[in-house]
Amino acid sequence: MKNTQRENATNLSRRKFVVGSAAAGGGLALGFNLPFGVERAAAQSVGAGSAEVNAWVVVKPDDTCVIRIARAEMGQGTHTGLAQLVAEELACDWNKVAIEPITAGQNLARKRVWRDMATGGSRGIRGSQDYVRQGGAAARMMLLQAAANQWNVPVSEVTVADGVITHAASGRSTSYGKVAAAAAKLTPPDPKSIQLKSPKDWKIAGKPMKRLDTADKLNGSKVYSIDLKLPGMVYAAVKACPVYGGKLVSWDESKVSRMPGFSGVIQVDDATVAVVANTWWRAKSALDALPIKWDEGPNAKESSATIAARLREGLTSSDAFADIDVGDAPKAIADASKKVEAVYSTPFLSHACMEPMNCTVRITADKAEVWMPSQNAEASLAALSTASGLPLAKCEAYNHTLGGGFGRRGGTQDFVRQAVAIGKRYPGIPVKMIWSREEDQAHDFYRPISQCKLSAGLDQGGNLVGLHIRVSGQSINAYLAPHNIKDGKDRRQLQGLWTQPGDAQIGYTIPNLRTEYAMRNTHVPVGPWRGVNTNQNGLYLECFIDEVARAAGKDPLEFRRALMKNHPKHLGVLNAAAEKGGWGKPLPAGVHRGIAQFMGYGSYVAAVAEVTVKGDEVKVHRMVLATNCGHAVNPATIAAQVEGSVCYGFDSLQSEISVQNGRAAELNYHTYPIARLAQLPKVETVIAPTYDFWGGVGEPTICVVAPAILNAILAATGKPVRTLPLKNHGLKIV
Amino acid sequence: MQLNVNARSYEVDIEPETPLLWVLREVIGLTGTKYGCGIAQCGACTVHLDGEPVRSCSLPLAAVAGRRIVTIEGLSSDSSHPVQKAWAALDVPQCGYCQSGQIMAAAALLSKKPRPTDGDIDEAMTNICRCGTYQRVRAAIHMAAGTGKGGGSVIHMAEMAGAETSAVAGNRSTEV
Numbered sequence: 000m001k002n003t004q005r006e007n008a009t010n011l012s013r014r015k016f017v018v019g020s021a022a023a024g025g026g027l028a029l030g031f032n033l034p035f036g037v038e039r040a041a042a043q044s045v046g047a048g049s050a051e052v053n054a055w056v057v058v059k060p061d062d063t064c065v066i067r068i069a070r071a072e073m074g075q076g077t078h079t080g081l082a083q084l085v086a087e088e089l090a091c092d093w094n095k096v097a098i099e100p101i102t103a104g105q106n107l108a109r110k111r112v113w114r115d116m117a118t119g120g121s122r123g124i125r126g127s128q129d130y131v132r133q134g135g136a137a138a139r140m141m142l143l144q145a146a147a148n149q150w151n152v153p154v155s156e157v158t159v160a161d162g163v164i165t166h167a168a169s170g171r172s173t174s175y176g177k178v179a180a181a182a183a184k185l186t187p188p189d190p191k192s193i194q195l196k197s198p199k200d201w202k203i204a205g206k207p208m209k210r211l212d213t214a215d216k217l218n219g220s221k222v223y224s225i226d227l228k229l230p231g232m233v234y235a236a237v238k239a240c241p242v243y244g245g246k247l248v249s250w251d252e253s254k255v256s257r258m259p260g261f262s263g264v265i266q267v268d269d270a271t272v273a274v275v276a277n278t279w280w281r282a283k284s285a286l287d288a289l290p291i292k293w294d295e296g297p298n299a300k301e302s303s304a305t306i307a308a309r310l311r312e313g314l315t316s317s318d319a320f321a322d323i324d325v326g327d328a329p330k331a332i333a334d335a336s337k338k339v340e341a342v343y344s345t346p347f348l349s350h351a352c353m354e355p356m357n358c359t360v361r362i363t364a365d366k367a368e369v370w371m372p373s374q375n376a377e378a379s380l381a382a383l384s385t386a387s388g389l390p391l392a393k394c395e396a397y398n399h400t401l402g403g404g405f406g407r408r409g410g411t412q413d414f415v416r417q418a419v420a421i422g423k424r425y426p427g428i429p430v431k432m433i434w435s436r437e438e439d440q441a442h443d444f445y446r447p448i449s450q451c452k453l454s455a456g457l458d459q460g461g462n463l464v465g466l467h468i469r470v471s472g473q474s475i476n477a478y479l480a481p482h483n484i485k486d487g488k489d490r491r492q493l494q495g496l497w498t499q500p501g502d503a504q505i506g507y508t509i510p511n512l513r514t515e516y517a518m519r520n521t522h523v524p525v526g527p528w529r530g531v532n533t534n535q536n537g538l539y540l541e542c543f544i545d546e547v548a549r550a551a552g553k554d555p556l557e558f559r560r561a562l563m564k565n566h567p568k569h570l571g572v573l574n575a576a577a578e579k580g581g582w583g584k585p586l587p588a589g590v591h592r593g594i595a596q597f598m599g600y601g602s603y604v605a606a607v608a609e610v611t612v613k614g615d616e617v618k619v620h621r622m623v624l625a626t627n628c629g630h631a632v633n634p635a636t637i638a639a640q641v642e643g644s645v646c647y648g649f650d651s652l653q654s655e656i657s658v659q660n661g662r663a664a665e666l667n668y669h670t671y672p673i674a675r676l677a678q679l680p681k682v683e684t685v686i687a688p689t690y691d692f693w694g695g696v697g698e699p700t701i702c703v704v705a706p707a708i709l710n711a712i713l714a715a716t717g718k719p720v721r722t723l724p725l726k727n728h729g730l731k732i733v
Numbered sequence: 000m001q002l003n004v005n006a007r008s009y010e011v012d013i014e015p016e017t018p019l020l021w022v023l024r025e026v027i028g029l030t031g032t033k034y035g036c037g038i039a040q041c042g043a044c045t046v047h048l049d050g051e052p053v054r055s056c057s058l059p060l061a062a063v064a065g066r067r068i069v070t071i072e073g074l075s076s077d078s079s080h081p082v083q084k085a086w087a088a089l090d091v092p093q094c095g096y097c098q099s100g101q102i103m104a105a106a107a108l109l110s111k112k113p114r115p116t117d118g119d120i121d122e123a124m125t126n127i128c129r130c131g132t133y134q135r136v137r138a139a140i141h142m143a144a145g146t147g148k149g150g151g152s153v154i155h156m157a158e159m160a161g162a163e164t165s166a167v168a169g170n171r172s173t174e175v
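As you go down the protein sequences, you meet chains E and C in turn. Here the first sequence is numbered in numbering that gives the first Met the number 0, starting from 0 and rising by one per residue. Here the second sequence is numbered in numbering that gives the first Met the number 0, starting from 0 and rising by one per residue.
Think of the hints as simulated: they come from the structure by calculation, not from any bench. Hints are not guaranteed to be accurate.
Unchecked claim - Over 12 Å on every C-beta distance to chain C, these chain E residues come out as not near it, computed from the model:
1. Glu156
2. Gly176
3. Lys209
4. Thr305
5. Leu730
To be verified - Ranges of calculated distance between the beta carbons of each label pair, as one might list FRET restraints:
6. E:Pro259 - C:Gly118: 41 to 49 Å
7. E:Asn94 - C:Asp121: 36 to 44 Å
8. E:Pro297 - C:Gly118: 47 to 55 Å
9. C:Asp121 - E:Gly583: 52 to 60 Å
10. C:Asp117 - E:Ala588: 55 to 63 Å
11. E:Ala97 - C:Gly118: 35 to 43 Å
12. C:Ser79 - E:Lys228: 21 to 29 Å
13. C:Thr146 - E:Thr305: 47 to 55 Å
14. E:Asn94 - C:Glu10: 24 to 32 Å
15. C:Asp121 - E:Ala588: 19 to 27 Å
16. C:Gly118 - E:Asp269: 50 to 58 Å
17. E:Gly614 - C:Gly147: 32 to 40 Å
18. E:Pro259 - C:Gly28: 12 to 20 Å
19. E:Asp287 - C:Ser79: 53 to 61 Å
No experiment lies behind these values; they were computed from the predicted model shown. Ideal Cβ positions, reconstructed from N, Cα and C, are used throughout, including at glycine.
So here's chain C without its partners, still in its complex pose:
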């Protein structure tokens, strides 16, 4: 079967019911796309299928043959996609395991809605992050979209001497 992944063509010889996730990971060798639940609940396996975000753990190979698939490895050649840059600027990942899926979901959202509202983000970003990076995920999407909204981490430092400084860290590009 012919598979088009990240603008490359692969000839794949495996059972047609194999989920795309496992074809990517075990046949083609692209392991950036993660296994989390296997039932399209968590989104760790999110890839783009003809530009749409899909959960590859629940998509059989037979359903995607010949269609245009983009994985995290193909989002950009040098981590320069605006979503990746915003993710880096805000230090979004903790363990990082779900972040390929989060980034792919966010990139798909922005391709449809270049200036999303918080409601748009709520609706599109249903991927699970067990570490709980959601606040920075939201802020990074706003940053990538240039909406000027979204706080990121809000940190109030109560210093040793008792003097207080406040910092809204979300819009800083060099720290946090």
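Bound conformation, chain E alone:
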């Protein structure tokens, strides 16, 4: 998700959009001239008596500071975190802060003053902290200057606290609301003159502030995209060929045209049909009754077994590329006094956002609008423009709070394209398209399937002298962003096993190390799934390290520590988790611990799990998860993300999208289990920021959850779990 969306941003700044054309199975770059000179109404807060001090800060006469936010909110808490960072520099009263999302059209009309709207790759905070803090600080400087001008005193004599400006020498004071109009007329300060606060001095950022977006989630009043109601609206239910790559041949409208509320049947694209009616339930009922003929094509012969065989071949094929090749790993392993080898595998997984894919569209001759839950409102706007044929200047995309995103609603704007194709047939009439849960499960961009062969060599002292990792599996870039594959080498599939520091670096130093990737694509659509490839690669490496430690007769923590001397940040987090998790301390009979560490999205993470295995039942009692995300903007939100990551890790242990007759087999929650409350352990979050970098939070922790649990199962049973889901081994989480 990161690469695709960054690409969007980069190209946008060159006055272009790059639109990932997922439906076509490839990337499609389209150039547009941006509508410079088209001045739109700015965000809605600028009005009666309010003053826009700068793009980020609008102050109302009652001293309310409205902070503008460009990134999407999907539950991860980015809106509150970004507001904290702006408010910190603004030095306003936190109790008088309100947040206001901007639209993609507003951003374009103002030359992208709010910059990147894409929200993925755990970049919401770390990717915008510098310029939003600068925005808050610049607004503060202008507000103080306005007060100083009013009092005719040097600005250096003016101070501010909680939005109250004071001139101590004369005993005068005023408030932001009173000077905002004057401040808005001042020239913004030179960015080079802006001094940001040291995190040591933070009063609003760095604190566990309550979220600003909770109230309307408690009484049913929040309007998600799926809840939107517009006058005269009609509703669409869609169905695409269940076999990926298959085509729509024909349908028999006469069988449904007399059903209540029926409006019409529409071919959405070459694989998709929609029924439109005057309620969604009626549209769905008619769609379910509609006889449809598909040309399923050759992919209908594909299954989980054919795909697994193709991946297995990639474990030993000669076409893999080596990313790390230090020393001579194959020789070191061959010459070692003890050799350990294992093959792991992980399945396709769906995002299963609670709010199914949906989008509302209204198209007239000179205006096209969409209302959607999007992780990238600018990509939605681009998709709207392309699909409607109207220039960007005549398009607008209104983003809603997402009912879950997890990577599903970013670069791939299939739901927008579909809605627009339907909306074009209803000019002037708003059309709300909603996918059924079954459609949502059947047409995801799934977490890619992969297998991994690992070989290790130990010397006589039980030291790891060689490690050889071969990943064979599907490539996200090959499906969504082939331009990111350089010289045929798709390094993204080795995320978390990279040597270069800063983002997703392997935490071990091994004298002979080779990492390889063999691309084995399938006909199944794939995309970024919260944590992306760190989840699979973290599981492969961290479970195998436990197997190797066991073969060496060493404690898994001590075995790791010996390999981590050159990786102090990885080690620091591992030690923090081990200490709070009580590693080595006595446990009740039957309870076993597992440990894991990894790095992703710029953050270092580690986990300790306490697990009992009784017959076929796995019970996870407690997990302690540590993170060094550099700066901890809101510890309460970080804890919420860590707790959620445990659930996502559980799903990676117990869920699977299998392929039968070329299509997804698990189409609803009864066959695709999502973690339930009763299964969850007590979760403790250890936040260990070192304040010398900015790391992500929403994704990185997931990749240590499953391996910590699996390593505890290994400790309990002596048998490694190498293939997921757990039901393959007759195990279930209770």
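Could you slot chain C onto chain E? The hints should help.
The following block gives chain C in isolation, referenced to the frame of chain E:
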């Protein structure tokens, strides 16, 4: 057909097999009750039927006519139900989409068992939350019930200087 929702009477003219969920959302216009799965698996559509928690996506209109239905919009007029207050105090929601159903399920549990045990909560709270807010859901139910149990978010801060402070955030009312 006559429908009694949130102590108001509605005359509804639609196919009797229409699920209550879609009657609420598309006919009456109460969209706080959510569509998640359509097969009574996830609980996003939970409402109270004569005081019992039910999954409205799988209940045909014909089965509920004349019975007393309460949705999230009718739980309280001002978000003052103890469950809503506890949810606010502990910042339970993440994306929030499933939370109407979670709150309705929790309110129904407390009306039957004012002081539930963890086992009671395990049994009653089978609603899916894809964001994974379960730890705070459990803590908020304990808070609403005044059981004095339930940890909420447990956060250990390892500060810059290396000095450590620990906080059990679950029972704080102003933070977390």
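- Can we confirm that no CB of chain C comes within 12 Å of the CB of lysine 209 (chain E)? 5 Å, violated
- Query: Holds or violated: 50 to 58 Å for the Cβ distance of glycine 118 (chain C) and aspartate 269 (chain E)?
  - Reply: 53 Å, holds
- Item | 36 to 44 Å as the expected CB spacing between aspartate 121 (chain C) and asparagine 94 (chain E), which holds or is violated | Holds: the Cβ-Cβ distance is about 38 Å, inside 36 to 44 Å.
- Query: CB of proline 297 (chain E) to CB of glycine 118 (chain C), is that within 47 to 55 Å?
  - Reply: 52 Å, holds
- Query: Using the C-beta atoms of aspartate 117 (chain C) and alanine 588 (chain E), is the stated range 55 to 63 Å upheld?
  - Reply: Cβ of aspartate 117 (chain C) to Cβ of alanine 588 (chain E): about 21 Å, so the range 55 to 63 Å is violated.
- Mind checking the hinted window 52 to 60 Å against the Cβ distance between aspartate 121 (chain C) and glycine 583 (chain E)? 31 Å, violated
- Query: Regarding the assertion that glycine 176 (chain E) does not contact chain C, is the least Cβ-Cβ distance greater than 12 Å?
  - Reply: Glycine 176 (chain E) clear of chain C: closest Cβ-Cβ about 25 Å, beyond 12 Å.
- Item | Hint check for serine 79 (chain C) and aspartate 287 (chain E) - Cβ pair distance inside 53 to 61 Å | Taking Cβ atoms as reference, aspartate 287 (chain E) and serine 79 (chain C) lie about 41 Å apart, which means the hint is violated.
- Item | Interface exclusion of threonine 305 (chain E) relative to chain C, criterion Cβ beyond 12 Å | Consistent with the label, threonine 305 (chain E) stays out of reach of chain C, its closest Cβ about 30 Å off (over 12 Å).
- Query: Would the least Cβ to Cβ distance between leucine 730 (chain E) and chain C come out above 12 Å?
  - Reply: 20 Å, holds
- Task: For the range 24 to 32 Å, tell me whether the beta carbons of asparagine 94 (chain E) and glutamate 10 (chain C) fit it or not.
- Result: 45 Å, violated
- Lying within 32 to 40 Å: is that true of the beta-carbon distance glycine 614 (chain E) to glycine 147 (chain C)? At roughly 35 Å between Cβ atoms, glycine 147 (chain C) and glycine 614 (chain E) fall inside 32 to 40 Å, so the hint holds.
Hints 3, 9, 10, 14 and 19 from the list above are not met by this structure, while the remaining hints are.
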